Amino acid sequence: MNDKIYKAILFVTALIMPIVCGGIVYALVTDAYEAFEHFGFFKFLTSSEWSYTEGAEQYGALPFITGTLMTTLLALIFCIPFSLPVALFVGEYFKGTKIAAVLSTVTDLLAGIPSIIYGLWGFYTLRPIIMALNISPQGSGILTASLVLAIMIVPYAASLSTEFIKMVPNDLKEGAYSLGATRAEVIRKIIFPVAGSGIFSSYILAIGRALGETMTVTMLIGNTNNIPDSITSTGNSMASIIANQFGEADGLRLSSLIAIGLILFLITAVINMIGKMIIKRARIS
Amino acid sequence: MTHLKIKKRLAQDKLMLWTVCLLATLTAVPLIAILGEVFFRGYDQLTWSFFTEPTPTAYKAMKAIEAGEPIPGGIANGIIGTMIMLGMAVVFAVPIGILCGAFLAENDKNRFAKTVSFLTDLLQGTPSVIIGIITYIWVVVPMKGYSAIAGSIALFIMMLPLIIRSTEETLKILPASLKEAGLALGGNKARVMLKVQLPAAFGGIFTGVLLAISRVIGETAPLMFTALGCSLIRISIDKPISAVPLLIWEFFNDPNLQDLIWGASLFLLLFVLSLNILAKYFAKKWNQ
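If you read the sequences in order, they're chains A and B.
Residues 0 to 284 in numbering that gives the first Met the number 0 are what the first sequence lists, from first letter to last.
Residues 0 to 287 in numbering that gives the first Met the number 0 are what the second sequence lists, from first letter to last.
Hints were generated in silico from the structure; no laboratory data involved.
Please read these numbers as outputs of a predicted model, since none were measured by experiment.
One thing to keep in mind: the hints can contain errors.
No more than 30 Å apart at the CA atoms, straight line, and that leaves these computed lysine-lysine pairs for DSBU-like [said to hold, decoys possible]:
id: 1; chain 1: B; residue 1: K171; chain 2: B; residue 2: K108
id: 2; chain 1: B; residue 1: K4; chain 2: B; residue 2: K108
id: 3; chain 1: A; residue 1: K3; chain 2: A; residue 2: K165
id: 4; chain 1: A; residue 1: K3; chain 2: B; residue 2: K113
id: 5; chain 1: B; residue 1: K113; chain 2: A; residue 2: K165
id: 6; chain 1: A; residue 1: K165; chain 2: B; residue 2: K279
id: 7; chain 1: A; residue 1: K3; chain 2: B; residue 2: K194
id: 8; chain 1: B; residue 1: K188; chain 2: A; residue 2: K3
id: 9; chain 1: B; residue 1: K171; chain 2: B; residue 2: K143
Bound-form chain B, shown alone:
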């Protein structure tokens, strides 16, 4: 009787182990399926001209399809647009985010800091489509038009909480003795922060910035109502501009351009995933 009971318990234990292993391994299936599909359908589109030419018009694409040729043109307008908007967002989000993070790390007890910390969580959890609406109301309406500026402000708002959090957390796990040693040597707080704490926290903050970039670079919803998209290569910041995810959305909706989807997606995916892996590598290196 007890023998049987023990057998049953051991069997249950084994069953649990195998179920966990099976189901956990199954989560790799979508990753492999997505990577595989995007890679195999997109890799032959990644030619030199794909990166140097702007998106073709629907008419040109239709002509090419009728003639049985590959669609001319590429995603240069999107790549340049993404670079411009992301560049502007990073330039503002990194210093402001680091200063806010430093503020939170230095005053973790007072009420204002607690409010700021709470609001950072709130902003981080806000759906990206709402950030798009907000930037539309704040920037697009007063400026009377879609623009790269509006798009970069949307990206800036999305990056800010991520950079604030990573800075704060990295500064908080630095040993207190580091700061105290700096202060004991006669440095004031600002000097210790600039010369001791921030350099020591560089790895963590850098990882946070990379992750923030990889998070916002694939965002489509906040750019739809702010940057809008444009089929020309543009470098002016007060006019509508394209971005790689916006182009994918455009290709998805235009039957004539559908052949370009996979090349653009492969490019975006490779970029985002290498940023992720790079960030993980830096985090590991910095932790040692």
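Here chain A stands alone, though its shape is the one from the complex:
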């Protein structure tokens, strides 16, 4: 086989990526078009009606966009106080030791658990606890979904943050120690400023994961099509409304669900792109 044929084969196989990605965008846009045309793009984004009585169908994405943003942000808030210590534990305090390896195996295994099993655990273990604590009467809702979502994204945020914390040059840290700094001060004044943008990007990518998480949220969010008015109320996220209704939908409702899919796709794509861009910059510097 000569080099030209070899190059051609590689090139042709690589064409699959533009074809698949182009196909995704094309299929989503053409199938979402009916909904956007019927309701108007901005009307669809800002309407909070979701009713499928025949003849008076009204679909709007606002409750689900709100639901997704609320669960994601809450999950992020719950995730930081655990993922940051894990990253410091593995990447700084116990760097290279056996105990750090154990902890990183624990987070790897957490990342490996399928989302439907997280959902079951949330439903059968966490939900009764939330009910017993009188936080919400039905147990499911934004808060329950976010708590489990937070556990799911801890491994992603932690492993990337660890990588950046490990990369902080030793001579910077040693310089600070030689001036009499304590370890806590080295972490605050050297590690966080130096690894800061890398750590930040790890949370952006964790957000990217949380946005599209489907099964866990579907099982725990309560599945009501209203704009959630507090963190304990029920709602629906963009992914969970699709999971709930896609199978039985047709016509305008199907198109509206695909339109929600398109919005979700675009939001995740933008978030992931920003994350990757910051990572690239952090790695270079």
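Place chain B on chain A using the hints.
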């Protein structure tokens, strides 16, 4: 005065250490809680017939519950469905993924490769439920029905970026001298790739494939609109078919079948976690 200040700083240092240790250890709690719950509620369901019999109908299950007997049947239909769909996905995703990865590793400067690399990231970050929608539009609608083919295409799309990335990264960290030695011996690029680079990268690529399998095997959302599920043991690829995660979802939604949830979850969990541990073991062995 300075003495007090130093004491305060040392105290802060200790506090920080203990907080970090405490919070980091707490992350193990959910893992233990989940493993514990699934294990203790599921282990007595894992009998021989659980793996050889298909899911019972809701009626049969209801009868058994009324009679106070354990629910008959198992998850054989799901296991076979998962194997068929995963098998088809792996057969296509591995060679195509490796070739794409090789393409990216060989041309890291040109613009087309940069686009492909960007799109790989994009696809990897795409939520699995979107992959389900897409496969529904691409495959289920034209074929006028749910099928194992549709399910395997969804899994294929999800595996592809993972295999591409692991191949590319493994090939890139091989020493350049390896490739140069092969070329100096008179091999052309294709031969060097096939006989030198890919064999040397085998461990990394294999680990990547194992991780990709463990990632998609538990996926439920993309299969809901593509494979749909089926309570019979089926081996035809153009009809709806079940999968283990789909069965768990079914059991979750059907009060009569709820007793089967934990056995199925334990099976899935054990499978996924052993794949993960195996992958980690291979990665370590290969790195030495």
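Now for the hints, and whether the structure bears them out:
1. Using a Cα cut-off of 30 Å, the hinted pair B/K171 and B/K108 holds, with the two alpha carbons roughly 13 Å apart.
2. For the hint pairing B/K4 with B/K108, the CA-to-CA distance comes to about 55 Å; that exceeds 30 Å, so the pair is violated.
3. Between A/K3 and A/K165 the alpha-carbon distance is near 43 Å, which puts this suggested pair outside the 30 Å criterion.
4. A hinted pair counts as satisfied when its Cα atoms are at most 30 Å apart, and A/K3 with B/K113 qualifies at roughly 21 Å.
5. Under the criterion of a C-alpha separation no larger than 30 Å, the hint pairing B/K113 with A/K165 is consistent with the structure, at around 28 Å.
6. Restraint check for A/K165 and B/K279: the C-alpha separation of about 20 Å stays at or below 30 Å, so the hint holds.
7. The straight-line distance between the Cα atoms of A/K3 and B/K194 is roughly 18 Å, inside the 30 Å bound, and the hint therefore holds.
8. For the suggested pair B/K188 and A/K3, the alpha carbons sit about 10 Å apart, so the restraint of at most 30 Å is met.
9. Taken as a hint, the B/K171 and B/K143 pair is broken in the structure, with Cα atoms around 44 Å apart against an allowance of 30 Å.
Of the numbered hints listed earlier, those contradicted by the structure are 2, 3 and 9.
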